[in-house]
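Student: Kindly produce the complete structure, drawing on both the sequences and the hints.
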Amino acid sequence: MMERKLQQTSVDIQIVLRFLVLTFAISWGGVTALYFADVDLGSSAGQGVGTIIFMGAPAIAAITLLRFRRVSIRKGSGLYLGRILWVALAWVAPVGLTAAMIGVGLMPPDTTFTTDYSAFLIELGFTEAEAVDTIAELETTGVPVVILLTGLGLVLGGTLFALAAFGEELGWRGLLLSELAPLGFWKLSLWTGLIWGIWHTPLIFLGLQFPDEPVVGIFTMTIATLAWSPIYTYLTVRARSVLAATFFMDHSFLVYLRQCS
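Following our numbering, the numbering of the sequence shown begins with 3 at its first residue and continues without gaps.
Be a bit skeptical, because a hint or two may be false.
[Stated by the list, open to error] Across the chosen pairs, the derived CB separations fall in these ranges:
{"id": "1", "residue 1": "Trp188", "residue 2": "Thr129", "range": "41 to 49 Å"}
{"id": "2", "residue 1": "Tyr37", "residue 2": "Leu165", "range": "19 to 27 Å"}
{"id": "3", "residue 1": "Leu196", "residue 2": "Thr129", "range": "33 to 41 Å"}
{"id": "4", "residue 1": "Trp188", "residue 2": "Val157", "range": "15 to 23 Å"}
{"id": "5", "residue 1": "Val157", "residue 2": "Ala47", "range": "23 to 31 Å"}
{"id": "6", "residue 1": "Arg85", "residue 2": "Leu162", "range": "39 to 47 Å"}
Derived by calculation from the structure, the hints in this document are not laboratory data. For clarity, every value in this text was computed on a predicted model and none was experimentally measured. Where a beta carbon is used, it is the ideal one built from N, C-alpha and C, also for glycine.
Tutor: Pasting the structure below:
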């Protein structure tokens, strides 16, 4: 995928712009329509519909554009099985990254390790009371809760979460990575990360992310996507498949670092 595009000397700006316009029109227009239709995007049903529309937009745009150009979807978006070992590495890598983040985070003085495992279950749709009760039940098994939830996270990362992520990655690490490949690794990662971060703006303004500080939230989200983008790019290129980015997910929400007073 990327090797083929590196043979070109420049990026086809028209294709990139068409993809971005279509992606943003579907995702931003979709959630805006839901908002004015008084759909509660904070509810489980609202989040489900919003997720399908918003996260599915890059894939819809990529498939539409490739079909219009009569280009193979597999070739145009890197939808191959690829190198299985690299795809598998992308699936389990977040566990190692989380451990590394904990190690770095514990380096400053007076920093301790703490957990809030219930936050993980609340993210999955549990109520606060249900999450607390479930964690209590898990603790009775004798197996460390972090091990159980990490296993659950890996299962979900390879199934439900991967299905949701596929809507994004077929666009970002599929078509867009392929089209921007002539820029080289770092420039394409920079541009992809920047676009990826700005794309989240409606979700932040609607209060679904960073509800108390929307402006700071947009900045924070963009910094985060810029930081993660090279990793996603590297895994996709090494795996020779967009599936690597699809299975790669961050489990760092399982743990937190707390600064002692």
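Student: If a hint holds in the structure, say so; if it doesn't, say that too.
Tutor: Cross-check of the supplied hints:
In this structure the hint that Trp188 and Thr129 lie 41 to 49 Å apart at CB holds, the actual value being about 44 Å. For the pair Tyr37 and Leu165, the beta carbons lie near 25 Å from each other, so the given range of 19 to 27 Å is met. A beta carbon spacing of about 37 Å between Leu196 and Thr129 agrees with the range 33 to 41 Å that was offered as a hint. Look at Trp188 against Val157: about 34 Å separates their beta carbons, and that is not inside 15 to 23 Å.
Look at Val157 against Ala47: about 24 Å separates their beta carbons, and that is inside 23 to 31 Å. Roughly 24 Å separates the CB atoms of Arg85 and Leu162, a value that falls outside the hinted 39 to 47 Å.
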